[in-house]
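With these hints in hand, go ahead and build the complete structure from the sequences.
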Amino acid sequence: MAWREIIYQYDGSFDGLLCCIYESYTQKERPTAILCGGDAEPNLFEIRTVPTVREHAGRVERSLRAVSNEVVPFLRRAFLTDLPDRELAIYRFVVRLYREGAPYLSRLSDDAYQPLLRAVRRLSTEVEHLRGFIRFSVFDGMLGTEIEPKNRVLPLLRAHFCDRCYNETFFIYDRTHREALLYSGGRSRIVPLEDFEMAPPDEEEASYRRLWKRFYDTVAIRERENPRLRMSNMPKRYWRTMTEFQPDAGTQPAALSAATPADGQARGAPDATPAPVKRQEPARSATASGT
Amino acid sequence: MELLDKLTILTDAAKYDAACTSSGARRHHREGMIGSTSSSIAGCCHTFSADGRCVTLLKVLLSNDCCYECKYCVNRRSNDVKRVSFTPRELAELTIGFYRRNYIEGLFLSSAVLGSPDHTTELMIRALSILRNEYRFNGYIHAKTIPGASPELVTQLGLLADRLSVNIELPSEASLKRLAPNKTRGAILAPMRQIRDQAAESKAELVRYRSAPRFAPAGQSTQLIVGATGESDRHILSLTESLYDRYRLKRVFYSAYVPVVENTLLPSLDTKPPLLREHRLYQADWLLRFYGFRAEELLDEAQPDFDPLLDPKCCWALRHPEFFPVEANRSDYESLLRVPGVGVVSARRILVARRAGPLHADDLRKLGVVMKRAQYFLTCGGRLATPLRLSPAGVAANLMAVERAALPPPAFEQLSLFDRAG
Ligand code: SF4
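Protein sequence lines, in the order shown, are assigned to chains A and B. Just so we're aligned: 178 in the numbering used here is position 178 of the first sequence, and the numbers increase by one with no gaps anywhere. If you want the numbering used here, it's the position in the second sequence, counting the first as 1, plus 1000.
Since the hints were derived computationally from the structure, they do not count as laboratory data. Fair warning: this is a prediction, and the values are worked out from it, not measured in the lab. For every residue, glycine included, the Cβ atom is placed at its ideal position computed from N, Cα and C. Please note: incorrect hints may appear among the correct ones.
For each label pair, taking beta carbons as the anchor points, the in silico distance ranges come out as [unchecked claim]:
id: 1; chain 1: B; residue 1: Glu1205; chain 2: A; residue 2: Gly12; range: 51 to 57 Å
id: 2; chain 1: A; residue 1: Pro155; chain 2: B; residue 2: Leu1265; range: 57 to 63 Å
id: 3; chain 1: A; residue 1: Asn69; chain 2: B; residue 2: Ala1393; range: 50 to 56 Å
id: 4; chain 1: A; residue 1: Ala102; chain 2: B; residue 2: Arg1126; range: 54 to 60 Å
id: 5; chain 1: B; residue 1: His1028; chain 2: A; residue 2: Asp202; range: 27 to 33 Å
If you want a taste of the chain B side facing chain A, the calculated C-beta under 7 Å gives, among others [stated by the list, open to error]:
id: 6; residue: Leu1007
id: 7; residue: His1029
id: 8; residue: Phe1048
id: 9; residue: Arg1101
id: 10; residue: Arg1349
id: 11; residue: Val1352
id: 12; residue: Ala1353
id: 13; residue: Ala1356
id: 14; residue: Asp1363
Okay, here's the thing in structure tokens:
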């Protein structure tokens, strides 16, 4: 029997997406698109808003667990990625999985599976990168930072930073997805946050930034300079939120910050310091003694 | 002197040490303490310096005021440089300030010999005790032992640090004698043995009592300088292998020699660091640790040095046509690992994916196999991906072209250097 084609609209939550799957199977419909709340534009096709019902989501979840325990965690991750039309991609994957059962999970190169795998891999890489590349500033004893990730990484950074900063109070603001991870007294929350501005650094904070920048510039071995390797290990899009690539807090003679990377198209620094207009090619001075 | 200047000098003097990993110690957060090492497992990189190297730890010397006279070193006594030392407290505060801001995973502390090996080690111990006991630092610490320090002090150091290292630097005794007259083979190997034995003891104790003191739970590592002296790659690689086998080292690092000193016993100042050679050694080291290769399979008397044009695994494959082709749908993990273009990850993926049905050449690419390399060695259902017949020389030439494109540009300059050297 031919299934009807339709566009779904849901509330943007993972449970909501599971409900779309539920809807499709109970109504015998094939969604041609699954849109999140505000995304839908007037369209020739029929659009239905699928309500998020915990019980329906739970049934889909159980049916997926029946295939394998790995499926739901995998889909939760896929749901956080920046894959275009990730909802539909997840839907297609689930359709294939229902049809073929657990063996489908070994078909790593299948067209409905591989894009998700790759997106999840990119997500994991970004999470791994940000574990290292995040730079906190200390404000009144509290740690805070901003990031601009491609994927929704906060849920995956949560466990790591809550462990690392167990006895601290901290927040991480995700500019791209406008949400913040807050942690205090052993408890954490992720909350939507429209806008946010970091406070300017105090003297101690500014001095640590200078020390770190200096360390960064000094630890490179000039005879081995290799911009391509650095870039492939640490893509430039991260640099905007990293202390070592920000212009100096102002208290320091410019000559000493010789090794800032060349970056002609520096966008506004998300840091509280004023945005740089242009950075200079490293005019490596031989300030470092010892050689 | 200002802290900023001290940091500059003591970082500059420490930067040639290649070790910057923080792997091998798993410790979750604890009440009232700063930090954990649970992410260090993956060897979390906090940034990459302009030379493309991973920065994980605050890597500094406690002091550059050395009373030894190693010919290759900027800190040697006779060299005219500014001498500075951190106070133990400065060092501890700096580490905490950096750690909290997520700049680093921890501290990598090393030092020139300030007065005597024991005095230096005592200062290091003081810095680490302040860090651990006063600031309650629970993150990663790597400490380099000073050759000649007394065993009791090494023990104390090992109880504060996650990893210890003893740098061998020069890969043979003859080179040591010539270039590092104050160091002896014995002074280097004795602490290595001590660390190996105490770490093993501590592990055994921990099985019995959970609260037994931990001695260097992340083991030990060392570093070899490549290119300051005349040892062959084969010599260095067999040394590496025996260090893994006999001293249970976690890592051996290689550091391409950067000439900083004019001395008739050393390569001249305009010598470029042998980056390509260092790269080949790391590739081979990887093959020893994860791919089941032995040193003597990779290099022998007839071929004591790595081919600058081709990576060690391809070289091995070309010398062993009898081993190939390997069939993707049937061969075991170990054989798959020997195929150029197949790595640990893609080999595992092949094992998983082929359970669902026979693989085709197209699938292999999607599983992450680098077909440009693997195509000559790997069959799918009995067929090579590229059916065209090539002579062994043709295969080698194609692989070299692939390799050339994969090398970073600085290594390129090395090629010509190598050619001249023969
Ligand atoms: S002991 Fe030798 S290698 Fe170490 S700092 Fe002193 S002179 Fe340099």
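A quick look at each hint next to the structure:
For the pair glutamate 1205 of chain B and glycine 12 of chain A, the supplied restraint of 51 to 57 Å holds, since their beta-carbon distance comes to about 53 Å. In this structure, proline 155 of chain A and leucine 1265 of chain B meet the distance hint of 57 to 63 Å, their C-beta atoms being roughly 58 Å apart. Checking the proposed 50 to 56 Å range against asparagine 69 of chain A and alanine 1393 of chain B shows it holds: the Cβ atoms sit about 52 Å from each other. The beta-carbon spacing between alanine 102 of chain A and arginine 1126 of chain B, approximately 59 Å, falls within the hinted interval of 54 to 60 Å.
Checking the proposed 27 to 33 Å range against histidine 1028 of chain B and aspartate 202 of chain A shows it holds: the Cβ atoms sit about 31 Å from each other. Against a cut-off of 7 Å between C-beta atoms, the interface hint on leucine 1007 of chain B holds, since the closest Cβ of chain A lies about 6 Å away. Hint on histidine 1029 of chain B holds. Least Cβ distance to chain A is approximately 3 Å, under the 7 Å limit. Interface restraint check: phenylalanine 1048 of chain B against chain A, minimum CB-CB distance 4 Å, threshold 7 Å, status holds.
Interface hint at arginine 1101 of chain B: satisfied, since its Cβ lies 5 Å from the closest Cβ of chain A, which is below the 7 Å cut-off. Hint status for arginine 1349 of chain B: holds, given a least beta-carbon distance of 6 Å to chain A, under 7 Å. The beta carbon of valine 1352 of chain B comes within 5 Å of a beta carbon in chain A, closer than 7 Å, and the hint placing it at the interface holds. With 7 Å as the threshold, the beta carbon of alanine 1353 of chain B comes within range of chain A, its nearest partner Cβ sitting at about 5 Å, so the hint holds.
The criterion of a C-beta within 7 Å of any C-beta in chain A is met by alanine 1356 of chain B, whose closest approach is roughly 4 Å, and the hint holds. Because the closest C-beta pair between aspartate 1363 of chain B and chain A is about 4 Å apart, less than 7 Å, the hint holds.
Of the hints listed earlier, there is not a single one the structure fails to meet.
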